[in-house]
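Asks: In order, the protein sequences belong to chains P and S.
Our numbering puts the first residue of the first sequence at 1, with every later residue one more than the last.
Our numbering puts the first residue of the second sequence at 257, with every later residue one more than the last.
Keep in mind the hints are simulated off the structure, nothing from the lab.
Quick caveat, the model's predicted, so the values are computed rather than measured.
A virtual CB, placed ideally from N, CA and C, is assigned to each residue, including glycine.
Careful, some of the hints might be misleading.
Derived contacts from chain P toward chain S, CB cut-off under 7 Å, selection only [stated by the list, open to error]:
{"no.": "1", "residue": "Thr-48"}
{"no.": "2", "residue": "Val-86"}
{"no.": "3", "residue": "Trp-90"}
{"no.": "4", "residue": "Phe-98"}
{"no.": "5", "residue": "Ala-151"}
{"no.": "6", "residue": "Pro-231"}
{"no.": "7", "residue": "Ala-238"}
Keeping only pairs whose Cα atoms sit at most 20 Å apart, straight-line, the calculated EDC-like set for lysine to aspartate or glutamate is [claimed, not checked]:
{"no.": "8", "chain 1": "P", "residue 1": "Lys-83", "chain 2": "S", "residue 2": "Asp-545"}
{"no.": "9", "chain 1": "P", "residue 1": "Lys-83", "chain 2": "P", "residue 2": "Glu-95"}
{"no.": "10", "chain 1": "P", "residue 1": "Lys-202", "chain 2": "P", "residue 2": "Glu-174"}
{"no.": "11", "chain 1": "P", "residue 1": "Lys-133", "chain 2": "P", "residue 2": "Glu-174"}
{"no.": "12", "chain 1": "P", "residue 1": "Lys-168", "chain 2": "P", "residue 2": "Glu-195"}
{"no.": "13", "chain 1": "P", "residue 1": "Lys-83", "chain 2": "S", "residue 2": "Asp-552"}
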Amino acid sequence: MSAPRADRSERSACRMLVLAAGLLLYASPARAQALAADLTSHLIAITTGFTGASVVLFGATDGPGDVVVAVRGPDRDMTIRRKDRVAGIWMNTNELTFGNVPSFYAVAASRPIEGILSPAAAAFYRLGIANLKLEARTAAPPGTIETFRAALERIQQQAGLFVSRIGKVDFLGERLFRATIMFPSNVPTGTYLVEVFLVRDKDVISGQTTPLVVSKVGVDAAVFEFSGRQPGLYGAIAVLTAVVAGWLASLPFRGA
Amino acid sequence: MDIYLPIAEVSLDIFVLLGLGAAVGFLSGVFGVGGGFLLTPLLIFIGVPPTVAVASSANQLVGASVSGVISHWRRGNVDFKMGYVLLAGGLVGSLLGVSIFTLLKRLGQVELTISICYVLLLGTLGALMIIESIRSMLRLHRPGVARRRLHQHTWMHGLPLKARFRRSRLYISTLLPIGLGFVIGVFSAILGIGGGFIMVPAMIYMLGMPTAVVPGTSLFQIIFVAANVTVLQAFTNRTVDAVLALVLLVGGVVGARIGSRFGTRLRGEQLRFLLALMVLAVAAKLAFDMTVPPGDLFSIAPEKG
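Pulled out of the complex, with its shape left as it was, chain P reads as follows (with noise of 0.2 Å):
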């Protein structure tokens, strides 16, 4: 049902391209913009069937360098927690909460960063897992606070919400590029950040930022939505249709 809609956002936004492409080429006059870039679409939707998804970014330079794109989903708090054996049995000794943890953070580039970027750039620009400013909400010493970190950036690589594998974004000759950007299927739902930076001489010379929705669409985001919204009411149909279901399920066989 969804695909047409989808074709058809996708041809536009392939039209709008083209277009930005084309100004950019023959029409701009020089150093106007050295980068324009969009999404094939700006709504990853997810519906009952949702086992991740793929988004493509197009875009063009105005001349011979490296692109960089960093996919960044709505920041939150996340707190980790420490077990430590006492008397025998683990238990939770120790927490750390951290503010501005991406939900999802994934990067590609043309080649490999540490190639084409100098560490400070990359450290000012946040990109790479290692350059994300990650901040302690509660005090702790700093040695603790590392393995905290180091610990939040290896559960969430597990769990493919920070793409620890630098992606591939591909020239199609000198001045176009394109990069597929995949999402697992326990992406969080919220507006993300696609930005993505014209490199040379290990500095970044441009950046666009494009935003991408991650949305419930269809009956998943009616439950979510009506769940939030009455959830007495949400209960009391939850366990009313657990009751229907399980009274139909005892018909079939009476009498058997």
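Using the hints, position chain S against chain P.
Replies: Just chain S, lined up with the frame of chain P:
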């Protein structure tokens, strides 16, 4: 084939969920336990967030218990009077249990408290049951030995407010089932389960109910306890995933039907022996988990609010 769960916010294989529902439903059909104490950890294991797993299992338990009660009721194996009396105690107990739970949560360590409670409770119950069922099985093989006395008079029989429970063939004080329901209500609110696996042995050993009547009556009581938990969870935590519950239910009701037929073919003491084994296995697993170094010392705390 994957299905996206709107509240849990993950996609899971629908056949895994159906199978899980069927397996747990089978157990609930055989023993009259809701199976929540198995379903919840299994859901967490396959990737459902713990808070959603607890709440949605309660939701699926409602449906599974309804269909279980119907099939037991057709065989005349539900003591409704006993069920109502247990329930009255249970609802009051669960109110107290919820406030204890809130207190534990504020103090932290709620998970560990739950695990320790489980181990102590299940370990004791399981050990007692296994000893008893082995004894009675041995007794059956030696016909010459005198049978257990049907009626042993203890202090319990001196309590006031006596009432007749026809189906259970009991004439006991209503204070007993009310008290039992109360204690189980407290536990089930703290442990987030229907309480069937505590209820079933307690009905057999403490109240002296005939084994055949126990599963149906226990399930009858679980319907209401689980419904109560579902609404409370939906209201306070918004963690009930109705889609997940429904999928589990489809598998669960099929499993429960098969299970309840299977259960009627078993003799009472065999049933009790198997249940005891299962209870002990869960207790051993939980005790083991507490002492084994965790694979990852670090974990992400569930989001607050």
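Asks: Restraint: Phe-98 (chain P) near chain S, CB-CB cut 7 Å. Satisfied or not?
Replies: 10 Å, violated
Asks: For the pair we were handed, Lys-133 (chain P) and Glu-174 (chain P), check the Cα-Cα distance against 20 Å.
Replies: 33 Å, violated
Asks: Holds or violated: Lys-202 (chain P) and Glu-174 (chain P), Cα atoms, limit 20 Å.
Replies: 18 Å, holds
Asks: Mind checking the alpha carbons of Lys-83 (chain P) and Asp-545 (chain S) for me, to see if they're no more than 20 Å apart?
Replies: Since the Cα atoms of Lys-83 (chain P) and Asp-545 (chain S) sit roughly 13 Å apart, the hinted pair holds (cutoff 20 Å).
Asks: A closest beta-carbon separation below 7 Å is what the hint needs, so does Ala-151 (chain P) meet it against chain S?
Replies: Because about 4 Å separates Ala-151 (chain P) from the closest Cβ in chain S, which is inside the 7 Å limit, the hint holds.
Asks: Does Val-86 (chain P) pass the interface hint, meaning its C-beta sits closer than 7 Å to a C-beta of chain S?
Replies: 9 Å, violated
Asks: Using 7 Å as the Cβ threshold, decide whether Thr-48 (chain P) counts as touching chain S.
Replies: 5 Å, holds
Asks: Have a go at the Pro-231 (chain P) hint: is there a Cβ in chain S nearer than 7 Å to its own Cβ?
Replies: 5 Å, holds
Asks: Run the distance test for Lys-83 (chain P) versus Glu-95 (chain P): straight-line Cα separation, threshold 20 Å.
Replies: 9 Å, holds
Asks: Below or equal to 20 Å on CA atoms is what counts here, so check Lys-168 (chain P) against Glu-195 (chain P).
Replies: 15 Å, holds
Asks: Restraint: Ala-238 (chain P) near chain S, CB-CB cut 7 Å. Satisfied or not?
Replies: 4 Å, holds
Asks: Hint Trp-90 (chain P) vs chain S: min CB-CB distance below 7 Å?
Replies: 6 Å, holds
Figure legend: structure checked against the earlier numbered hints; hints not met, in rising order: 2, 4 and 11.
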